[in-house]
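Using the sequences and the hints, build the whole thing.
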Amino acid sequence: MRSPVSGTAGSYRFALLAGAGALALTAPGVAMAQQVDSNDADELALELEDRNSSNVIIVTASKREQTLQETPISVSVTSGETLEQAQIRDVLDLQTVTPSLRVSQLQTSSASTFIIRGFGNGDNNFGIEPSVGVFIDGVFRSRSAAALGDLPNVQRIEVLNGPQSTLFGKNASAGVISVVTREPQFEFGGAVEAVYGNFNTVVLKGDITGPISENIAFSLDGSYQRRDGYADIVNLNEEINDRDRWSARGQLLIEPTPDFSIRAIVDYSRIDEVCCQVGTLAVGPTAAGIAAVGGQIGGPDTFFDYDSFLNFVPTNEVDNYGGSIQMDYETDSGLSFTSITAYRELENFFLSDIDFTSADIATETREQKVETFTQEFRVASDFDGPINFLLGAFYFDETITQDSAIQNGSQIRNFFEILAGADPVAVLTGQPTLFNGLEQSFGFPQETIFNTPLLTSETFAMENEAWSVFGTIDFEPVDGLVFTIGGNYTDDSKTFALSQTSFDPLAQVNFVDAFITGATAADPNLPTVTSRDQFQALPAAVQQGLLAAATNPAINQLLPLAGFQFQPPFLAIPNAVEDGRTDDDEFTYLLRASYQISPEINLYASYATGFKASSVNLSRDSRPINSDFVAGPGGSTFAAPSSPIINAGLAVPNLVSGSRFAGPEETEVYEIGMKAQWEGFGFNLALFDQTIEGFQSFAFTGTGFALRNAGEQSVKGFEFDATINPTDGLVFTFAMTHLDPLFDSFPGSVLGDLTGVRPAGIPSFAIATSATYTHEWDSGTRLISRIDYNHESNEPINNGLPTFGPNNFRREVNLVNTSVTLALNSGLEIGAFARNLFDDQYILTVFDAVAQAGTVSGYPSQPRTYGGVVRFKF
4 MRSPVSGTAG SYRFALLAGA GALALTAPGV AMAQQVDSND ADELALELED
54 RNSSNVIIVT ASKREQTLQE TPISVSVTSG ETLEQAQIRD VLDLQTVTPS
104 LRVSQLQTSS ASTFIIRGFG NGDNNFGIEP SVGVFIDGVF RSRSAAALGD
154 LPNVQRIEVL NGPQSTLFGK NASAGVISVV TREPQFEFGG AVEAVYGNFN
204 TVVLKGDITG PISENIAFSL DGSYQRRDGY ADIVNLNEEI NDRDRWSARG
254 QLLIEPTPDF SIRAIVDYSR IDEVCCQVGT LAVGPTAAGI AAVGGQIGGP
304 DTFFDYDSFL NFVPTNEVDN YGGSIQMDYE TDSGLSFTSI TAYRELENFF
354 LSDIDFTSAD IATETREQKV ETFTQEFRVA SDFDGPINFL LGAFYFDETI
404 TQDSAIQNGS QIRNFFEILA GADPVAVLTG QPTLFNGLEQ SFGFPQETIF
454 NTPLLTSETF AMENEAWSVF GTIDFEPVDG LVFTIGGNYT DDSKTFALSQ
504 TSFDPLAQVN FVDAFITGAT AADPNLPTVT SRDQFQALPA AVQQGLLAAA
554 TNPAINQLLP LAGFQFQPPF LAIPNAVEDG RTDDDEFTYL LRASYQISPE
604 INLYASYATG FKASSVNLSR DSRPINSDFV AGPGGSTFAA PSSPIINAGL
654 AVPNLVSGSR FAGPEETEVY EIGMKAQWEG FGFNLALFDQ TIEGFQSFAF
704 TGTGFALRNA GEQSVKGFEF DATINPTDGL VFTFAMTHLD PLFDSFPGSV
754 LGDLTGVRPA GIPSFAIATS ATYTHEWDSG TRLISRIDYN HESNEPINNG
804 LPTFGPNNFR REVNLVNTSV TLALNSGLEI GAFARNLFDD QYILTVFDAV
854 AQAGTVSGYP SQPRTYGGVV RFKF
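Counting along the sequence shown from 1, when you hit position 222 you're at 225 in the working numbering, and nothing is skipped either side.
These aren't lab readings, by the way, just hints derived from the structure by calculation. Among these hints, one or two may not hold up.
SDA-like mimics (lysine to any residue), calculated; alpha carbons at most 25 Å apart, straight line [claimed, not checked]:
| # | residue 1 | residue 2 |
| --- | --- | --- |
| 1 | K719 | A702 |
| 2 | K66 | A396 |
| 3 | K372 | T116 |
| 4 | K66 | L688 |
| 5 | K66 | S829 |
| 6 | K66 | E603 |
| 7 | K372 | F703 |
| 8 | K719 | F768 |
| 9 | K372 | A575 |
| 10 | K876 | T821 |
| 11 | K372 | E468 |
| 12 | K876 | V198 |
| 13 | K372 | D494 |
| 14 | K719 | F686 |
| 15 | K66 | K372 |
| 16 | K719 | F737 |
| 17 | K66 | F691 |
| 18 | K719 | A763 |
| 19 | K372 | V198 |
| 20 | K719 | S796 |
| 21 | K876 | G803 |
| 22 | K66 | G337 |
| 23 | K66 | A267 |
| 24 | K719 | D692 |
| 25 | K66 | D385 |
| 26 | K719 | N802 |
| 27 | K372 | G707 |
The structure is reproduced here in structure tokens:
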């Protein structure tokens, strides 16, 4: 069973096939491929030249070159030509033409989440690995921030739906995004492009390729993108949500023999932007406190006015760079060998106003660095006999460091005093207030509660080493019928260290324990209790009486102030109880049968399992698991039951249990599919039933983040796409995804027991459709007109918010994008485009406002953008 293209010796054939595919493909997921049986390069080239309407698309979804038609995987493909026409510049825009994919950019330029079939995570914590693996030219990008730059010189983007752990390893439990760029050519050529649009958008792109010698070719490409912000920080008269990024890349292709090639790539990209626009969807009672200190906050009526109120301009900086070397060798015996070695670094820094008001309440800084080394080796067969195989090994080594802090603003103390019930006039005129009284009672220096420069500072580090061996075996007993079995064994270990200093003195006191100390000091019949051992030594009846009084707000009037203890002391890890390690290993496998019942129709059925290793909560909200520690009532240490941390004497005030890490995700999917192609019409259909056990849920709780394993989350649905070519030059595409998700078991969510509840934020139906008409004159000049429509059904955004509670915030997407391009036979192209033509407005997501109970913030969608483009290809 030979694939139509094998190894790098077939580079000429590959160029022909890819070129034919690029001309045929106008939207992802609708590329239909005909089976190509020829094994001879010249014969295949002639066949393609004679087939004016050829729809042959080559993909590498199975880590070998195959036509899309014969690839028994639900995969959507977007060509480089489509990216150009639709002005899709990064993966954030890719979702508009790929209905199974959803991408969200939230708090910062680097905080993005990729979601396939409703599953995805890892947007705001570098310890949480994404469930959707992103690969660029075969190199794994372990964090979404490393995959957000412009997409220069792209040949195609493949989106593989569902778990792909067999061939793509431990970070593909929900799917894969594979970006394939153009390799250097031995014929001189290139392109330059300039775009100008509204919001003073300027995009400059260019690439050049050609031979250095008979066996060495090069390519250089780069891009620059700048755009004014489409939102305003009203009180500062500054813009937000701008674009300012550039990238550069160089490649060498060395082919010392027809059977051996080396492809070396180095790249660098930088983002330096002001992000991200946040509006207010519900105003709670805390807004009065903001106003009392002179701050401003938006309201629901102005959510889509794109007005912000901040007390400084945020900073977002991302530097992403690295290199890779891919070597391919093909033998005369039908074996091919591939090695991909890569090293990458990612540096991410942001400074954010986390209260999203013009009052000076609190800011956060985070400086992160990720260093990643990967090595992959594969050997694949291309025999004429009934059995073929692919075997491989993968090694991954990564180091993550993070320094972060929360800074107290100049108005935070006054704001919290007012929320605690103090008279605003007294607070603002400097009269003694509640916090002054607390400072006197506890012996703190005056004016220190919420008046230290920092609320917290943290240092986190993680080392991750993993390796895997994988492979597939194909057995074709009769022509067209192929049975595939595959497996992947992965071993993943992480070591992590987290330390934090909490500076606010109020957070150092547990109010239950403080009451017990005071009550026993005032009772001459009892010893003064200042430790757990002393409390536990009291008679049981005395303990119960003291605890009952200490936890009664009518008696212990300190208890209502517990809400102001945002960042209590932190138990550093590793410690005597917690070793700061996770060790996971898993065998995942694939069983599949595919049958080409005719040259036009392929059928397949598969069962696959997937795996993602444990993720670590690299944040100030990391807490010991409840098997290591359980706090007493009101967070009391005195009344805490015996536990390893208590017994080791490690407990600190206000310590509670939570999550240091979330255990592995384990996925299984049943899928059946059909791929069909006739003259002028074709379609793909996949029906699936997918389940993830232990899905790693990461939720914002208003003052921190909670990492949990959902017991089980499932989704059933279908993916359908079709292409119709009714006449020369006219192509219609239609793609639809239907998802029916369910929390089969999730008793421990931050919202309570969600078992049996439909997960919100997942559209029941997502549609991507397009029409493209190309009119070509005898001279070769073409006029290419395109319109596409992207729809997501109206769905609740969430299942509720931890602080605000149930709500009716919903999201529906209806985007229309259009473009027209006049391509002259000289290589000059002139065009115009519009994205979100009708200025559709919708809420991206919502969250509890930071330390502002009852207030809900959210991110608005991007407004209409449009512009003109001039491109010259040579």
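Between the alpha carbons of K719 and D692, is the straight-line distance 25 Å or under? 4 Å, holds
Going straight from one Cα to the other, do K372 and T116 come out at no more than 25 Å? With Cα atoms ~19 Å apart, K372 and T116 stay inside 25 Å; holds.
Given pair status - S796, K719, alpha carbons within 25 Å: 16 Å, holds
What's the verdict on K372 and D494, does the C-alpha distance respect the 25 Å limit or exceed it? Satisfied, since the Cα-Cα distance of roughly 24 Å is no more than 25 Å.
Has the given pair, K66 with F691, been kept, meaning a C-alpha gap of at most 25 Å? 22 Å, holds
Does V198 sit within 25 Å of K372, going by the straight-line distance between their CA atoms? Violated, at roughly 33 Å.
Pair hint K719 and F768, alpha-carbon separation not exceeding 25 Å: With a Cα-Cα distance of about 12 Å, the restraint between K719 and F768 holds, given a limit of 25 Å.
Quick one, are K66 and G337 close enough, alpha carbons at most 25 Å? The hint holds at about 16 Å.
Sort out whether T821 lies within 25 Å of K876, counting only the CA atoms. 22 Å, holds
Taking 25 Å as the top limit, are the C-alpha atoms of K876 and V198 close enough? 15 Å, holds
Take a quick look at whether K66 and L688 sit within 25 Å of each other, Cα to Cα. 22 Å, holds
Is the Cα-Cα distance between K719 and F737 25 Å or less? Holds - the C-alpha atoms of F737 and K719 are around 21 Å apart, at most 25 Å.
When held up to the earlier numbered hints, the structure conflicts with 5, 15, 19 and 21 and fits the remainder.
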